[in-house]
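Going down the list, the protein sequences come from chains A and B.
So for the first sequence, our numbering puts the first residue at 1; every next one is plus one.
So for the second sequence, our numbering puts the first residue at 1; every next one is plus one.
Worth flagging that the hints you see were computed from the coordinates, not collected in a lab.
Quick reminder that beta carbons are idealized off the backbone N, C-alpha and C, glycines included.
Hints are supplied without guarantee of correctness; some may be wrong.
Said to hold, decoys possible - According to the in silico footprint, chain A covers these stretches of chain B (three or more CB under 8 Å from chain A): (1) 105-114; (2) 118-129; (3) 160-173.
Unchecked claim - Some chain B residues near chain A, calculated using beta-carbon distances under 10 Å: (4) 37; (5) 48; (6) 180.
Listed here are the chains, written in short residue letters.
2 protein chains.
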Amino acid sequence: MARPAKKPAKRAARPAPPKPYHHGDLRRVLIEAALGLAEEGGPQAVSVREAARRAGVSAGAPFRHFADRDALMTAVAEEAQRRFRSEIGAALAEAPAGDPLKRFRAFGLAYLRWAMGNPAHFEIISSGRHFDHDRATALSRDNAELIALTKQMLADAFEKGQLRSGELKQIQITGRALVYGFARMNIDGHLPRWGVTEAEVERMAESVLDVFISGITRTTGSQR
Amino acid sequence: MARPAKKPAKRAARPAPPKPYHHGDLRRVLIEAALGLAEEGGPQAVSVREAARRAGVSAGAPFRHFADRDALMTAVAEEAQRRFRSEIGAALAEAPAGDPLKRFRAFGLAYLRWAMGNPAHFEIISSGRHFDHDRATALSRDNAELIALTKQMLADAFEKGQLRSGELKQIQITGRALVYGFARMNIDGHLPRWGVTEAEVERMAESVLDVFISGITRTTGSQR
DNA sequence: CCTCTATGTAATCATCGATTACATAGAGGC
DNA sequence: GCCTCTATGTAATCGATGATTACATAGAGG
């Protein structure tokens, strides 16, 4: 039980890249461990020591790879964001190219689904309390891109006469507040007291999105 | 600097009620200190020891009044909720009695204003991560009342023909997700990256509420 | 083969939540 | 008016955590 073998199998399979020395790939393993801890007990359940324990290394080892706990959480957040974006991208790839409002809806739905399915990881990347966003440049860039994307979709929708109002910025923020709010209601355990059972969550997410979209859609006059 | 006088002035002014012994009113003072700590550094900045320090007592003293940190946070949350509800009540008292949709809007606006003005306290009562909600019965009851209140307002609005859809539950959840989401965007520091400056926040909150309300309002046909 | 550096270990420190044994100040019985 | 009793506060201590430091080691490359 005292970690007798340190993964000796991995010795041979290591070429030129800056791969690590002793452990297999401690940095990576620590991030995975932290992702798991967050999933199990929420973001605040992530402790450097517990991640080290799961990786089978001493309590000080992680600090060779991360300056402090915050740096670990930043790496965790960047991994989570990568997964999140990948899902969003997949959803958009399947959405109809010519209908901006449908694409907007598909985006919102993918956002909500990922947030429902990965509450802890979603909280890490969005709550702003779990790491210093100023250090996570990749994540900030990603976010900016997504913001620009929704802005463009709304502009296109307006251009095509799909919207009944031209206050695009207000509409954009409203939509964002809506999906973020629903995601957080789920994370924060509000939905049961609002009469939404576990089984209904996904369906309600879709309904909520539709209440919003039908509210901004032009109904009178020509549609396109 | 070594706490020479333990508030000797308060000795005389204490009648029959179950007032405390040594300290003036440590329980109360600890709650106030914790509220202050949360305001300054966010809910996670609340530590039992720091609250004790601010109250001028030893590190163990708070545990005479609160079983653990969670109990302190619960008391803090209940105080915050009391203030929150008081503000909501004041707003509703000023809203027109005969127009349910206007009352609904007034409610939402009061909600948003309080959340903007007291982000840390709002987070404590709503995020669900800072104390065990099962222990806070008063708070749960309060919440249930507010939920019932919004439900009633929407039902009245529908009754009066103010709504263009009868899917009241979906509308209710959508509205809640919206205000909660906007409040959290503010707390979590999202608004700047969505192009909302500090000075615009209050106005944007109102706009967002109006985008939603105009979306659910019946426009065609008779209004009332 | 030898050295050099990246990586991991062990020991240590401060802070925090929490518990325990002890001290004390008022309240109320007598 | 004294005496005891209990609520309250203190001091010391424990275990967990983040973080730092001195030391050990394994592989790379001259």
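Hint-by-hint comparison with the structure:
no.	hint	verdict
1	105-114	violated (count 0)
2	118-129	holds (count 4)
3	160-173	holds (count 7)
4	37	15 Å, violated
5	48	17 Å, violated
6	180	4 Å, holds
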